[in-house]
Amino acid sequence: MITKDEVEHVGWLARIEIDEQDADSYAAHLNTVLEYFGQLDEVDMENVDPTYHVMDVVNVFRKDVVTESLTQEEALENTKSRQDGHFKAPKIM
Amino acid sequence: MSKAKWMGISKVRESIATSSSEEVTASYLDTILKSRINGYVTINEGAIARAQDIDKNKDGKGHDGVLAGVPIAIKDNISTKGIQTTCSSKILQGYVPPYNAHVIERLLDAGAVILGKTNMDEFAMGTSTESSHYGTTLNPWDHEKVPGGSSGGSAAVVAAGEAPISLGSDTGGSVRCPAAFCGVVGLKPTYGGISRYGLISYANSLEQIGPIATNVSDIATIMDVIGGYDPRDSTSIKQEITYQDSLVDDVTGLKIGVSDEYFAEGIDEGVEKSVWAAIQKFEDMGATWEKISMPHTKYALASYYIIAMSEASSNLARFDGTRHGLREEGENWHVMASRTRAKGFGEEVKRRILLGTYALSAGYHDKYYLKALKVRTLVKQDFDKALSNVDVLMAPTMPTPAFKIGEKIEDPLALYLTDVNTVPINLAGVPSISMPCGLVDGLPVGLQIIGNHFDESTIMRAAYSFEQNTDHLAKRPAGVE
Chain A
1 MITKDEVEHV GWLARIEIDE QDADSYAAHL NTVLEYFGQL DEVDMENVDP
51 TYHVMDVVNV FRKDVVTESL TQEEALENTK SRQDGHFKAP KIM
Chain B
1 MSKAKWMGIS KVRESIATSS SEEVTASYLD TILKSRINGY VTINEGAIAR
51 AQDIDKNKDG KGHDGVLAGV PIAIKDNIST KGIQTTCSSK ILQGYVPPYN
101 AHVIERLLDA GAVILGKTNM DEFAMGTSTE SSHYGTTLNP WDHEKVPGGS
151 SGGSAAVVAA GEAPISLGSD TGGSVRCPAA FCGVVGLKPT YGGISRYGLI
201 SYANSLEQIG PIATNVSDIA TIMDVIGGYD PRDSTSIKQE ITYQDSLVDD
251 VTGLKIGVSD EYFAEGIDEG VEKSVWAAIQ KFEDMGATWE KISMPHTKYA
301 LASYYIIAMS EASSNLARFD GTRHGLREEG ENWHVMASRT RAKGFGEEVK
351 RRILLGTYAL SAGYHDKYYL KALKVRTLVK QDFDKALSNV DVLMAPTMPT
401 PAFKIGEKIE DPLALYLTDV NTVPINLAGV PSISMPCGLV DGLPVGLQII
451 GNHFDESTIM RAAYSFEQNT DHLAKRPAGV E
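Going down the list, the protein sequences come from chains A and B. Note that my numbering numbers the first sequence so that position 74 is 74, with each residue one more than the last. Note that my numbering numbers the second sequence so that position 105 is 105, with each residue one more than the last.
No wet-lab data here; the hints were simulated from the structure. Glycine included, every Cβ here is placed at the ideal spot set by N, Cα and C. Wrong hints could be hidden among the right ones.
[What the hints assert, rightly or not] Chain A is faced by these chain B residues, among others (derived, beta-carbon under 8 Å):
1. Ala26
2. Ser27
3. Leu29
4. Lys56
5. Asn57
6. Tyr197
7. Gly330
8. Gly346
9. Ile353
10. Leu355
11. Ser361
12. His365
13. Tyr368
14. Lys408
15. Pro412
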């Protein structure tokens, strides 16, 4: 069971502000789904490896050479908050 | 053209040859303007200019591409340079990508004209297109029903004659479900078959871009344009497939597998009958069928949702108000981001991010995420085993026809359960095509034909043969010729 406090904590981890009055309904919805997920407990997984990726592709490298990319102006064109060619954000610390 | 029409690519090209791409494009834009189904989020204001450009080249050396002047609709999670791309979310309102997705580059090279961006469930999270910030799309067959999702707009506009072809994306059925509900053809290619470069990620180990059309030949034409290797997507795989070559009307000796697990409790009787009638038809055409068992199917749904939500919680971290879209005020970055995301994401997106974050958080990783990945292995083994004995699997795409708008939106789990027949395919990464195989109470039923990795040619041969020997694709929504 996920509690109201845990919902708020997970909200913080996910950087989604959760109003106190909404936390209860989130907890209820989340618990319904988690309960459904619980059915995986009945599956025998002894000696079963996890599948992260269905295709046998590992270590895809490219040559370390400069290729065409977005210009600084293009990269910045979707924000008004910029300064000296950078994105401008509120202080982090 | 006064009435909305179903026109395949070859008909559209004939029309362009006798008139112009400009005229054909204008006619589609006119149909869209008069439409009530809300299939588009954004209309491409440059569509006519682009069509004129192609027309100028028509007699010269310019565009001799297979899609020269042919209009196409694009799901709103595929990046289009200069055309707003929102993923049907408030958080990306006003976002205009500075670059094209790989598939868009390919389409433009082939001469296609983008009509606009189609409506979808927000960030592709849904089965009904009801979670769009821009209002739900209506099913052209019955305006009180959902079009399916998440590529609801892409399927609905093709069914309504508002575009001849479209692109969707399929993470857990998002191309096949709306194709089934709207009575058109939709392909989820093999994982790695099409570059995802420029597709805004929801669950990147599961999703593929896929075409939607009114016939199987058009699916092949689009796949020949957009399929293939691209170094910008490190999961894209080198394969030489000519999809056109699979358009052969012959299923003699084709071995079909049918699994009872795909006709589970809750399946609509009419859907079950239509699908069995289709399998019978294949038998009449020279194929054989046998029952096969896929014992882990019932666990696929939980596994899928845990993986999809976990990947989503990571992929959607980039929407933080810093570089694009909505930004709320806050005394520091964390508060700004938390408020921006609280205001910019809809309820279902928030629920999935929260569940994914929870499933990956300390103490729960092994209980949920790791277990889901192990079940994924078991589901994949079911497919490996089945497809080593038969050539294709056949199943209903959706257990019911399109349901009523509003019927399931308040109950997320009920909505998830409708994906029971589509998500196992994404877990295994195999290709699957959905095509119409009948009507139940005036609503289309989708037949799902599933094949082995990179064996699109077999499922498309089966689909093409079925199309050539039945008249299901002759049926259209009211008001569409």
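Structure-based check of each hint:
1. A least Cβ separation of about 30 Å between alanine 26 of chain B and chain A goes past the 8 Å threshold, and the interface hint is therefore violated.
2. With its C-beta approaching chain A no nearer than about 33 Å, serine 27 of chain B sits outside the 8 Å limit, and its interface hint is violated.
3. The interface hint given for leucine 29 of chain B is broken, as the beta carbon of that residue sits about 26 Å from the closest beta carbon of chain A, more than 8 Å.
4. Contact between lysine 56 of chain B and chain A, as hinted, is not supported at the beta carbon level, the nearest pair being about 27 Å apart and thus beyond 8 Å.
5. For asparagine 57 of chain B, the interface hint is violated, the least distance from its beta-carbon to any beta-carbon of chain A being 25 Å, above 8 Å.
6. The restraint placing tyrosine 197 of chain B at the interface with chain A is violated, with a minimum CB-CB distance near 13 Å, outside the 8 Å limit.
7. The interface hint given for glycine 330 of chain B is met, as the beta carbon of that residue sits about 6 Å from the closest beta carbon of chain A, less than 8 Å.
8. Among the interface hints, the one on glycine 346 of chain B is violated; its C-beta lies about 12 Å from the nearest C-beta in chain A, farther than the 8 Å criterion.
9. A hinted interface residue such as isoleucine 353 of chain B counts as satisfied when its beta carbon comes closer than 8 Å to some beta carbon of chain A; here the least separation is about 5 Å, so the hint holds.
10. Using the Cβ-Cβ criterion of 8 Å, the hint placing leucine 355 of chain B at the interface with chain A is satisfied: the shortest such distance is roughly 6 Å.
11. Annotation: interface hint on serine 361 of chain B holds; nearest CB of chain A at approximately 6 Å, less than 8 Å.
12. At a threshold of 8 Å, the smallest CB-CB gap from histidine 365 of chain B to chain A is about 11 Å, leaving the interface hint violated.
13. Taking 8 Å as the C-beta cut-off, the interface hint given for tyrosine 368 of chain B holds, the closest approach to chain A being about 6 Å.
14. Nearest Cβ of chain A to the Cβ of lysine 408 of chain B: about 13 Å, over the 8 Å cut. The hint is violated.
15. Interface hint status for proline 412 of chain B: upheld, as the beta-carbon distance to the closest one in chain A is roughly 6 Å, under 8 Å.
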